[in-house]
Structures are given as C-alpha cells and as structure tokens.
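Protein chains in written order, with our numbering: chain A, 1 to 360; chain B, 1 to 90.
Just so you know, not all the hints are guaranteed correct.
Here are the in silico distance ranges between beta carbons for each label pair [what the hints assert, rightly or not]:
1) A/Ala40 - B/Ala20: 21 to 31 angstroms
2) A/Arg68 - B/Ala74: 48 to 58 angstroms
3) A/Val224 - B/Arg15: 18 to 28 angstroms
4) B/Arg51 - A/Glu230: 41 to 51 angstroms
5) B/Gly78 - A/Thr269: 38 to 48 angstroms
Computed from the model, here is a short list of chain A residues facing chain B with C-beta under 7 angstroms [what the hints assert, rightly or not]:
6) Phe7
7) Gly53
8) Gln56
9) His108
10) Val143
11) Pro146
12) Thr148
13) Gly217
14) Phe267
Since the hints were made in silico from the structure, they are not lab data.
C-beta atoms are modelled at their ideal positions from N, C-alpha and C, and glycine is treated no differently.
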Amino acid sequence: MTAAAPFGLLAELTHRCPLHCPYCSNPLELVGRARELDTAQWRSVFTQARELGVLQVHMSGGEPLARRDLPDLVEHASGLGCYVNLVTSGVGLTEQRMAELAGCGVEHVQLSVQAADPARADEIAGTRVTAHKRAAAAAVHAVGLPLTVNVVLHRRNLDQVAEIIALAEELGAQRLELANTQYYGWALRNRDALMPTRAQLAAAEPVVRAARDRLAGRMEVIHVIADYHEEYPKPCMHGWGARQLTVAPDGAVLPCPSAHVIENLTFDTVTDRPLADIWYESEAFTAYRGEDWMRDPCRSCPRRAVDFGGCRCQAYLLTGAAENTDPVCSLSPHHDVVRQAVPETSVEVPFRMRALPVVR
Amino acid sequence: MNATEWVPRLRRGVRLDFDAVRRSAVALFPEGVLLLNPTAEAVLRACDGTRTVARIVDRLGEHYAGVRVEDVVAVLRGLAERDIVERETT
C-alpha cells in the first residue's frame, strides 16, 4: 500500500533523566550518553523529517534539557518551519533557559506532574520535584507560551485526581492530559504496583467529567482511558506507520516509542539509511501498515478501520505475536490475559524504579 | 449573544503556515496539525482578535463573492471545536 507522509516526530534526544518514574515510556535497556546522536546528526534528522512532511517536532527524552545543544536543535527544527513542543519534567527549566528556548522557537511546553502533593510526587519520581514544577510553569508563563500539564494516572494517584486537576489550574495549564498508564517497558514491569482497581477508575471518572464541564473554554481536559478496562482497544498511533515516527537517542527509527519490544523486528537507524526510505520502505514500518497483516478476528471485523486492531506492542507483549488482535479487545481469543491483570482489591506493591545501567 | 458580535481569536499557541511538502495551508497547534482548505484559511487569516464576525464577513466579501454569515460562523465553530479558535463566550 502507499503510505501517507508523517505529521509528527517524537525526538527522544536522550534517555538521561533526573526522574525515575516507574512507568517511564523509555525502554528497559536505556541508551547511554556515549551512544547518543550528536548535534549534526540530530539536525540532519530534523531536516530529513521536514522534507518527508513532518510539521510537529516533540523534543523529548528522557529529559531533553539534559542535552546542552537543545537550543541549537530547537532553532534548527523551528527554522525549517516545524512546530516545536518541549516535553519536560521541568527540572532545570529556569526562567533564563525557558527564555532562551522560546527565543529559539519552542512554541508549546508539556510539563509532567507526578502527583498532587509533594510527598507522593517525590515518591513516584524518585527524587524531589515539586519546587521545580512550580518554577517551570512560572517560566513558561513568563514567556507567554501555552502550557500543557501531563499526568500519568495509576493506583497511587488516581484517588487524588481532583487535587491534581486543581494543581493544574493553579499552574495555569491551558491543557491537562490525564493519561492512564499504558503497560509497556517499565510500566509493564511495574504493572502489579500501578494497575488501578475497577472501583478506583469508576470513582475518578465522574470527577474528571465534572472538571471537564466546569473548565470548558479555560482548560482543556484530555482523558486517556485505562485500556485494560475497556471493551475495545485504542486506535494506537492511528495505525502503524501512519502519522508519526519516533527517533531514539541512538538514531533508531521506530513507528512508536514502544516498538523496540517487538523482538522479531529490526529497526534501521538514521546513521545507516535515509529517513524517507525508512518511513516508506523499511521492514519495521511496512510490517503492520494498513490491514494486510491482520489475522482474525481483526481481518473480518468492521472495527478494523476504527481501531486498526489496537496496539501491536501490546499484542506482542501479552500474546507473543504482534499480528494478533490486541488482547484488550473483548473479541480477542487472548482477552483473559488482560482481564486477569485487573485486580479486585488494591494491594500495595513496591515500585521498581527506572534507572540507567551502571557504566563501568 | 448574537454570533455576528463574536470576536473570534486564534488560541494561544496556534500558528498558520504553508506546508510546501503538501502544498497546503496548515494550522499548527499544541499536539496537532490541521490541513486548511482555502475557505478555512481565509477565515482564520481574517481573525485578528479585534474583528467581529460581521466585520470578518465584510472583509471576506471584499475578495470573494457570495460570503454568507452562517457559512463563516459554521467554519469558525468547527475550528473552535478543534481548539484552533477560542470558543464563543456567553
């Protein structure tokens, strides 16, 4: 099939991060600093991405502020005409740095928030973060940029969703993204500690709905549902290799940030092959594009154009084959593996915090 | 409020541009891209944050024939739904 050009690039500039969140979307095997693309290589990635059709660049990580060349990279991507989002923990985002980055072309900032109260936020982040969040939000407002607050929801913070919404208001967010944990990598490793009960989700739902109504026109509230608890899977990435690509710190090009979990795929890197070639021709990007790869029940299902069979990574992780229907789907023959993972009662399970491997 | 008195404004963080790759006008905004048809582009470019819908219709009428208030309002409401334009306030 002929693929359309991508709109978005998630640039994971580094895996280095001062936080240790147990649901981090980075892979379990983190890329160390020595293997990161250098400035010239990242600039080339952005140039090729714009030529390919990319209009949105998400400067992410890890913590993108850990890259000293971030202003240079922002200026380059922005100069190409891309809309540049900064996705940050806020740690190190001083007023001075924010002003510099805004001057280079950052147009929107996404700030992560771990919990409503300092003690719990520090516990989840594995470090002291609260003062940084407030300073970062103030720095964003000082340069007049729109602010999105991103919150990953799970068992340890769902009960304080009302307070989290209040905090986002206080921080002056234009958008609040409340995203229930998606279970890949670190989050899958911590699934027993993170997975909420049905009762917790049911209690949070009306709180979010009421806030969305109350705040309409002032703060947009986006609620990403907990897919294990749903009847049908999410339309993951709007289809494989359809709209967005991810470039990892070492230059590996992925259809989504989790795709490295699919061990039967090999991913080309920007140092070996042109980006357009990878997008249109590579084995990894063509593997699950369109519908030809589908098996039943997806192959004959009228919802295949709605959710594209759900998430390939989730199918691989939970059923052993990415071609299978996402087991979140109630029509999947493997649906039991998902149902059994949802606990009836909430039990305290310790987090296994994200950490870089020890470099010898 | 009468829709003709609405002063539509682009939301903070929205930028209009031309994508040379797709040869299309685009609206870029936090987390999204919208390809604009010529009508939507003309309406958005007329939203300067001071003009009412009535004045936007007048202005578009200087360049295009048959501009109708209800069509312009429909385009703006669609763009407000997509968070490109601020919602009408009551």
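Now for the hints, and whether the structure bears them out:
For the pair A/Ala40 and B/Ala20, the supplied restraint of 21 to 31 angstroms holds, since their beta-carbon distance comes to about 24 angstroms. Between A/Arg68 and B/Ala74 the Cβ separation comes to about 49 angstroms, which falls inside the hinted range of 48 to 58 angstroms. Range check, A/Val224 to B/Arg15: about 25 angstroms between beta-carbon atoms, so the 18 to 28 angstroms window is met. A hinted range of 41 to 51 angstroms holds for the C-beta pair B/Arg51 and A/Glu230, which are about 44 angstroms apart.
Roughly 41 angstroms separates the CB atoms of B/Gly78 and A/Thr269, a value that falls within the hinted 38 to 48 angstroms. Satisfaction of the interface hint for A/Phe7 is found here, the shortest Cβ-Cβ separation to chain B being roughly 5 angstroms, below the 7 angstroms cut-off. A distance limit of 7 angstroms between C-beta atoms decides the matter here; for A/Gly53 the minimum to chain B is near 5 angstroms, and the interface restraint holds. Residue-level restraint check for A/Gln56 holds (minimum Cβ-Cβ distance to chain B is 6 angstroms; threshold 7 angstroms).
At its closest, the beta carbon of A/His108 sits 4 angstroms from a beta carbon of chain B; the interface hint therefore holds under the 7 angstroms criterion. Violation of the interface hint for A/Val143 is found here, the shortest Cβ-Cβ separation to chain B being roughly 12 angstroms, above the 7 angstroms cut-off. Using the Cβ-Cβ criterion of 7 angstroms, the hint placing A/Pro146 at the interface with chain B is satisfied: the shortest such distance is roughly 4 angstroms. With a cut of 7 angstroms, the hint placing A/Thr148 at the interface with chain B holds, because the nearest CB-to-CB distance is about 6 angstroms.
A hinted interface residue such as A/Gly217 counts as satisfied when its beta carbon comes closer than 7 angstroms to some beta carbon of chain B; here the least separation is about 5 angstroms, so the hint holds. For A/Phe267, the interface hint is violated, the least distance from its beta-carbon to any beta-carbon of chain B being 24 angstroms, above 7 angstroms.
Violated hints for the displayed structure, listed by number in ascending order: 10, 14.
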